[in-house]
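K.L.:
If you read the sequences in order, they're chains H and Z.
Just so we're aligned: 287 in our numbering is position 287 of the first sequence, and the numbers increase by one with no gaps anywhere.
Just so we're aligned: 332 in our numbering is position 332 of the second sequence, and the numbers increase by one with no gaps anywhere.
I should point out that these hints are in silico values taken from the structure, not numbers from a laboratory.
Where a beta carbon is used, it is the ideal one built from N, C-alpha and C, also for glycine.
Hints may be right or wrong, so weigh each one.
Simulated crosslink set (BS3-like; lysine-lysine; CA at most 30 Å straight-line) [unchecked claim]:
| no. | chain 1 | residue 1 | chain 2 | residue 2 |
| --- | --- | --- | --- | --- |
| 1 | H | 215 | Z | 216 |
| 2 | Z | 55 | Z | 242 |
| 3 | H | 215 | Z | 110 |
| 4 | H | 296 | H | 215 |
| 5 | Z | 56 | Z | 147 |
| 6 | H | 215 | Z | 251 |
| 7 | Z | 300 | H | 215 |
| 8 | Z | 34 | Z | 251 |
| 9 | Z | 56 | Z | 216 |
| 10 | Z | 20 | H | 215 |
| 11 | H | 296 | Z | 101 |
| 12 | H | 300 | Z | 141 |
| 13 | Z | 385 | Z | 300 |
| 14 | Z | 22 | H | 300 |
| 15 | H | 300 | Z | 101 |
| 16 | H | 215 | Z | 242 |
| 17 | Z | 251 | Z | 48 |
| 18 | Z | 22 | Z | 48 |
| 19 | H | 215 | Z | 385 |
| 20 | H | 32 | H | 18 |
| 21 | Z | 20 | Z | 56 |
| 22 | Z | 34 | Z | 110 |
| 23 | Z | 48 | Z | 101 |
| 24 | Z | 56 | Z | 34 |
| 25 | Z | 242 | Z | 56 |
| 26 | Z | 251 | Z | 55 |
| 27 | Z | 300 | Z | 11 |
Computed Cβ-Cβ distance ranges for the label pairs, DEER-style [what the hints assert, rightly or not]:
| no. | chain 1 | residue 1 | chain 2 | residue 2 | range |
| --- | --- | --- | --- | --- | --- |
| 28 | H | 128 | Z | 102 | 48 to 58 Å |
| 29 | H | 66 | Z | 156 | 33 to 43 Å |
| 30 | H | 77 | Z | 156 | 30 to 40 Å |
| 31 | Z | 102 | H | 90 | 30 to 40 Å |
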Amino acid sequence: MALKDIRLDMADSSWLTKFPSMERADLVALRKAMDGGFREFSRSYGDAIEGFFDPLLYFLVWFEKLLLNAPWIVVLAVLVGLTYAACRSWKLSGLVLGSFLLIGYFGMWADTMRTLGIITVATFLSLGVGIPVGITMARSDRVQSIVTPALDIMQTMPAFVYLIPVVMLLGIGKVPGIIAVVIYAIPPVIRLTNLGIRMVDREVLEAATAFGANKTQRLWNVQLPLAMPNIMAGINQTIMMALAMVVIASMIGVKGLGQPVLKSITNQYFTLGLLNGLAIVAIAIMFDRVSQAYAKRSQKYLGGMHGD
Amino acid sequence: MTDQEPLIRIKNLYKVFGEKPKAVMPLVHEDISKDDLLAQTGHALGLKDINLDIKKGEIFVIMGLSGSGKSTLIRHFNRLIDPTEGSIIVDGVDVMSLSQKELEEFRRHKMSMVFQRFGLLPHRTVLNNVAFGLSIQKVPKAERDAKAREWLSTVGLEGYEEQYPAQLSGGQQQRVGLARALCTDPEILLMDEAFSALDPLIRSGMQDQLIELQDKLHKTIVFITHDLDEALRLGDRIAILKDGVLSQVGKPEEILLNPADDYVEAFVRDVNRARVLSVDVVMQPPINRLTTANIDEALKKMRGWDEDYAYVFHQDEYQGVVTQDSLEEVCEHPGTNPPLHECCEDGPTLQPDMSLQDALPTMLESDYPIPVVDADGGYQGTLCKEGMVEALVNSNDVDGDVKTSDAA
């Protein structure tokens, strides 16, 4: 009898080999309900949300036009000037000059300007949001416990997945593109601002408190300056990630160096892809070197820290 | 100096670390041991029933080994740490009752702190570090820079204004820390193991500098250290802290000569007593004082004494030592009748504030106990070899003889 029972079970035990999943019909219903709900949401609030981002769009368009319409020689002069101001190195300034001359010579000037525009705006947006978030996170363990998983999701979720709701809400264009870039690029600056402030020498902070510094004075006089090396590393990473996002953002209509790359993937234009890819790399290297040189120069006081 | 109201008064201070410190306070009051408290409730007892009175103008040293709670205690003075129970009264103000704003004001003006690892701002120049306290108070730049320069030169760091802390040696960095603390002109200076991170030689230099500064400034200094030699050298009074409980509070010589318990005794065992104890602490009451000029009278007096020597004073000034034999010899030559102070031998004297170490060579050369005479010529007492040896060898055997008065 016992033996028979078991045999019966065996016959009926497909759940051992096949995962007991929900009915296909239920799943379809669930997906439909969620999609419908979100579509409903974007239909009713899409305009309002778009309106909210309008100032950003205007600024973005204005900035892009500025870069595109200004004489190339002026733009180039400003870029090289900024580089020199940031890092006081003729070598690096020369490198920037050479790279942009080559980019222009190979006919990628306009696309590069568009990319530069969107990267600049995305970076400033990321810093403007990310640094305050990082500061709040450093001040409260509870905020940290909420923000950290959110950052984990932002960094691991495939970019294409969060492009879907963004496009559903805002359609195709510059604003959804820049939002996608910001989502992708903001985690490092938040994380490193938080880390940097939390790592500030307890005794230095205590000293400031002992001299009667209030919260704001501690933040500006001690925490931010001492966290600067970490924050600068975060800024650097944010810029790099924003650049890496250029190609993906081009899939939702962001013009710039990403679009020719996308075109060359679908049409197998090897050289076109390579040239535009190299232009992105060149911009990345320039941003990286310049921001690092600036960081190093502004932290000169740390020199000789380890000697006595 | 003894009667005045203390500047800082700590009363029944308790500090318990853990999730709900207030909840375990009944247990603490029941005198539960530190280990039991930790095992039963997961709370750590940091400080237990601390009572301290610190007087204006003294250097008060709190001494203890690591984990004794001394750094926790000093952080209660300016409420970098809040107590679980108890009150802290500074200059009549209950620090616990201050609002956040008032507390900030209090920290800006009343006391400042020097830290073990300096706590300097690495991104600011030495000058701006020293001026930090004033910049927090929003003092105009020109004014605070001028003050900072002044203090920098006081601590001997002129010319280093534009350097960054990382370019300075440890001793120099701590001098910046000291200048920074003094720059706000606080009444009270909290020094948390301020010299512990420095090399021995630099440390003793800094101690000298602190003593020198204190002679000029007369601040009230609370000094934390784990080094008994440092405590004895700097402290007007010393509190010894063990496992969050005060073992003993007293003047250095009291602690050295009358340790309150085995713990303190173990501590003081290796101390170089000769350097710490001063002559007035171990001397005996004055004896055999002759003020007369008449030899016969003197001889008569001397015959009544146990000792065959006496100290001669003339018009309140110490003249020297005479023995009975020598006086009798003088008397055997009738006709000559010199005044007493002309027939005594010149003898050495000791000053009351001399350390035993400095007194030792004189002591060894003398055949008699040496009189202790203060700067005004007043006869304070005598110091004999036996008394000195006893004080240097073992404190417990001399407690009866040794003067450890409070009213110095």
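K.L.:
The structure should be examined with respect to each hint, and the outcome stated for every one.
P.N.:
Okay, the hints, checked on the actual structure:
With a CA separation close to 35 Å, the supplied pair residue 215/H and residue 216/Z exceeds the 30 Å bound. This hinted pair checks out: residue 55/Z and residue 242/Z have alpha carbons roughly 22 Å apart, not beyond 30 Å. Under the criterion of a C-alpha separation no larger than 30 Å, the hint pairing residue 215/H with residue 110/Z is consistent with the structure, at around 19 Å. Distance check on the hinted pair: residue 296/H and residue 215/H sit about 28 Å apart at the alpha-carbon level, within 30 Å; holds.
Taking the CA atoms of residue 56/Z and residue 147/Z, the gap is near 24 Å; set against the 30 Å cutoff, the hint holds. Straight-line distance between C-alpha atoms of residue 215/H and residue 251/Z comes to about 40 Å, which puts the hinted pair past the 30 Å bound. With a CA separation close to 81 Å, the supplied pair residue 300/Z and residue 215/H exceeds the 30 Å bound. Between residue 34/Z and residue 251/Z the CA atoms are separated by roughly 28 Å; this keeps the pair inside 30 Å, and the hint holds.
With a C-alpha separation of about 14 Å, the suggested pairing of residue 56/Z with residue 216/Z holds against the 30 Å cut-off. A distance of roughly 26 Å separates the Cα atoms of residue 20/Z and residue 215/H; the hinted pair therefore holds under the 30 Å criterion. A C-alpha spacing of about 37 Å is found between residue 296/H and residue 101/Z, which places the hinted pair above 30 Å, so the restraint is violated. This hinted pair checks out: residue 300/H and residue 141/Z have alpha carbons roughly 24 Å apart, not beyond 30 Å.
Between residue 385/Z and residue 300/Z the alpha-carbon distance is near 27 Å, which keeps this suggested pair within the 30 Å criterion. As the CA atoms of residue 22/Z and residue 300/H are separated by approximately 47 Å, the hinted pair breaks the 30 Å bound. A C-alpha spacing of about 35 Å is found between residue 300/H and residue 101/Z, which places the hinted pair above 30 Å, so the restraint is violated. Proposed proximity of residue 215/H and residue 242/Z is contradicted: the alpha carbons are some 34 Å apart, above 30 Å.
For a cut-off of 30 Å, the pair hint linking residue 251/Z to residue 48/Z stands: about 22 Å separates their Cα positions. Note on residue 22/Z and residue 48/Z: the hinted pairing holds, with a Cα-Cα distance of about 14 Å set against a maximum of 30 Å. The straight-line distance between the Cα atoms of residue 215/H and residue 385/Z is roughly 62 Å, outside the 30 Å bound, and the hint therefore fails. With a C-alpha separation of about 25 Å, the suggested pairing of residue 32/H with residue 18/H holds against the 30 Å cut-off.
Only pairs whose Cα atoms come within 30 Å are accepted, and residue 20/Z paired with residue 56/Z is rejected, the gap being roughly 36 Å. In summary, the hint linking residue 34/Z to residue 110/Z is not supported, as the alpha carbons are separated by about 34 Å, beyond the 30 Å threshold. Restraint check: the Cα-Cα separation between residue 48/Z and residue 101/Z comes to about 29 Å, which is no more than 30 Å; the hinted pair holds. Taking the CA atoms of residue 56/Z and residue 34/Z, the gap is near 33 Å; set against the 30 Å cutoff, the hint is violated.
Proposed proximity of residue 242/Z and residue 56/Z is supported: the alpha carbons are some 25 Å apart, at most 30 Å. Proposed proximity of residue 251/Z and residue 55/Z is supported: the alpha carbons are some 13 Å apart, at most 30 Å. Between residue 300/Z and residue 11/Z the alpha-carbon distance is near 59 Å, which puts this suggested pair outside the 30 Å criterion. Range check, residue 128/H to residue 102/Z: Cβ separation about 35 Å, and the 48 to 58 Å hint is violated.
Roughly 57 Å separates the CB atoms of residue 66/H and residue 156/Z, a value that falls outside the hinted 33 to 43 Å. The supplied range of 30 to 40 Å is broken by residue 77/H and residue 156/Z, whose beta-carbon atoms lie about 51 Å from each other. In this structure, residue 102/Z and residue 90/H break the distance hint of 30 to 40 Å, their C-beta atoms being roughly 55 Å apart.
The structure fails hints 1, 6, 7, 11, 14, 15, 16, 19, 21, 22, 24, 27, 28, 29, 30, 31 (numbered hints given earlier, in ascending order).
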